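Chains as they are written, first to last, in my numbering: chain C, 1 to 386; chain F, 1 to 262; chain D, 1 to 328.
None of these hints come from the bench; they were simulated from the model.
Keep in mind that the hints are not guaranteed to be accurate.
What the hints assert, rightly or not - With a straight-line cut-off of 25 Å between C-alpha atoms, the simulated DSS-like cross-links for lysine-lysine are: (1) F:K165 to D:K286; (2) F:K253 to D:K286; (3) F:K18 to D:K286.
Source: prediction; values computed, not measured.
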Amino acid sequence: MALDFNFTEEQEFFRQMVRDAVNRLIMPKVKELDEKEEFPWDLWKEFAALGYLGLRHDEKYGGMGTDTITQMIFYEELARGSCGFSMSATMQILMGTYFIARFGNENIKQKILVPAIKGEKIGTICFTEDQSGSDLAGTRTLATKVDGGWKINGRKQWITNGPIADFATVMATIDPKLGLKGLNFYLVERKTENRDGFVSGQRLHKLGSRCSVTGELVMDNAFIPDENFLGEEIGKGVQYAGEILNEVRVMTGMNALSIAKEAMEDARQYANNRIAFGNPISRYQLIREKFAKFWAWYEASRTYLYKCAWMIQNNIPCIHDCMLAKYHSTEMCMYAVEEVMRIYGGNAFCSEYPPQRFWRDAKFLLYGGGTHEVLCDYLGRIYCKE
Amino acid sequence: MEIYVLVKQVPDPEAIVKVKSDSELEIENKYFTNFFDEIAIEAGLKLREKFGGKVTVLTVDNKKVDALRRGIAMGADDAIQITDPALEGSDQFAIAKALATYLNLKDKPFDLIFAGRQAMDDDAGMVGPAVAELLGIPYVNVITGLEVDDPKKEVKVIREVDGGKEILSCSLPALFTCQKGLNNPRIPQVMNVMKAMKAQIKKVDLAALGLNAEEVGGKAAKIKVQKYLPPPKRPPVKMIKEDFPENVKTLVKLLREEAKII
Amino acid sequence: MSNEIWVFAEQQEGKVRKVSFELLSAAVDFSKKTNQAVGAVLLGNGLQQAVKSLTPYADKIYLIDDPSLASYTSDVYLINMAPFIKEHQPSVLLGGATSTGKDLFPRLAMHLQTGYAPDCTGLTIEENGKLVAKRPLYGGKVFAEVVFSEARPQMATVRNNTFLVNENLKKSAQVISIPSHTDPAALKKKVVGLEKGAGTKLDITEAEIVVAAGRGIKAPENFKIMEELADVLNASVGTTRATVDEGWRDLKDQIGKSGKNISAKLYMAFGISGAIHHVLGIGTCKTVVAVDTDPNALIFNYADYGIVGDLFQIVPALTEELKKVLKE
């Protein structure tokens, strides 16, 4: 069969199990997670105990070694609850541990990856600085070769899990003048009495996704040993980063997909029960149109995202597809959360009702994996075959 | 201990169920493992953890095996699907007959059988007691407490009764139907979920059980649905809009004079 | 028709439960149509009072009064009931959908190889004696009319408050005493203890009036105002899953999908938002009153009367108003 859009019975079962875990562990706490704006350690431990943090890693280190489609099903279901929690978890599962698993030696894997999969050590990845984000060539954090290792100097911003991280995969340049060609990844651990490393800087207070804590990491002449250089060759950091960007984009698209769906399901229930002028408001055409539009865009987004997942799984080049699908899904989500704010009328403006939370959470997805402005500029250029 | 758990996949409580015609329902394709069956699985697993042995989940269903997969994901050792086209249209007693026949066929004797208080589709609560009757073993329904003395082959259970609780003791083997409060069913670990995804479900048909098609299915049914009906429609709510405390007075007046209840 | 309509007269400590009188009243109505006798089946120990209370409601009372029947277990009831049911072949056997009824009837029906409709919310009978039972499925989202095969008796358990007790019946039942068949050696289980629920309130499934509060009551000690309201109405106090999960109230008082279905004549919900889990449990209540601060609370869609207001204000005022009105 050339085309088959069905999930297998097994995939459906997996989805059901993740959904169920999310329903039981996360859903009852969604409002509290948003309001407290703290990392939920208890929930994290309960969740980690189920083993999902090892979803994409080797069984040798306690992982599950699942395929990409299974992982995407997981991301889709996970974000239904708390976008913030999903951010923390996906950071740990994907970006925060990928390069450790890819380039770390056995010692590093035992020391970092094994406890990370158990949820005992928290990881993150650091790209952004005050002058660089989507523009990686502007990276200033400097890695200087010294005897037996490297010295790292710089400040990284907007770091998901930053304030609680135990280890970080840090992008740094050996010489800012080299631009993209000077960039590499380095494993840096948190500074302790016996070990050099990063310290936490300022914590950020965010509009949404509030239970994933975000802040600055500061490295002041931090020494790391040679084995912490994550790569095979110097200067290939950007190329390595490209290896997971497809996954990161599709994963972000999945988050957008499920926030949009959850918001709309909530709005549907509201619209069916909220009476105005003698009828449930879902009987009015202008309200119905919102659902119809959402539905069309949602289904298109979902199909495209899973196509991308399938392409990644089958090693089919799909960098532009993943960008397009992430862009489409996130914009669809923006539409959905905006319309839910309208369907709820004035109630949407109160914290008692969920639309404002969906709206705030969703905005975060505009920036991960490159702003849409940078993304579209690039995609437009590709399309015009400049 | 040799433990069997009777399970069923049922429509999710939030699934839309509507009357399509006198003889047909329209059920939204949203299924989950009967909530009370999860409690039953958990009860079995807890005992195995304490006394050793084996937990087997068992269902009669021609299509859905997710309840069995969930059983394995939670930690059950084995899963059996009793399936046969002739089972279509069976009533609860025919289902019980298939289950009891299977349990009797086992060369290894069972110690305990657990089932849910009732399935959240037909809400009947009949299969558990009927299986116990066919096997000729003691059973207690709606248990919220359980204490097993394995060497003595004795069990003490707490059962919910109207207005209180009853403590019963009985000998093994026995069958119990489980109620919320007995335990907190575990959330399956992903490792077991993956195992369950790949698990081979053993299938058993009527021939293997030595049952005839006439003994089960629609023709053997002791009860049948003559007609499906939508739930009675409530008139729209009457909101009492006066300010406090007049609204309270009006409510009491309506309950006395319009609804005539108090 | 010669075969009789029987009702299992369930007793607790020698007192026949209300649902049994409801079913006997219905059976008497049915018998007028089918021209059958009405029999009450009564088991227990020390049943003089029970027999007396049943006399106006039946043509016959089948009585097994024996020390072995002092406390209910399905084994001992089944051993005693099955032989004389087989002997008399009644056309219908009804029982309350109580914890005893739901425990005994399925096993008894399997034993007798006959049809059984559990947890019914309506019953009718045709002139030829064929019973039609109405019962909720999928938590009350749909109902089914169920009919029986040729096997007899046609068995059903029926929810409390489905029928009214006819207090004007003036039959004078003939008591037929049946010897007990209990062989103590054959019994595989026994009751070793009984824990009464706190207070003397009826179970929420049995009470005609149920008042309930959910998370909106804010703290377990605040249920005091609910108890006070219940006292005035002779009602029982129910609750939602949320408060049970919080450990504020006992599971036995939980209304809804994972708790109990109630069929009260009057159900009053205070500070209950009306999650689908909860409202599925109140589908067969006759009159529903909802009080909540949120004018959009889903519970209002399931209510007959609604007040947007604070339960801490409404409940005490309602208690006082009812005290005043009911005294008159």
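Status of the hints after comparison with the structure:
1. F:K165 to D:K286: The hint is violated at about 28 Å.
2. F:K253 to D:K286: holds (17 Å)
3. F:K18 to D:K286: holds (22 Å)
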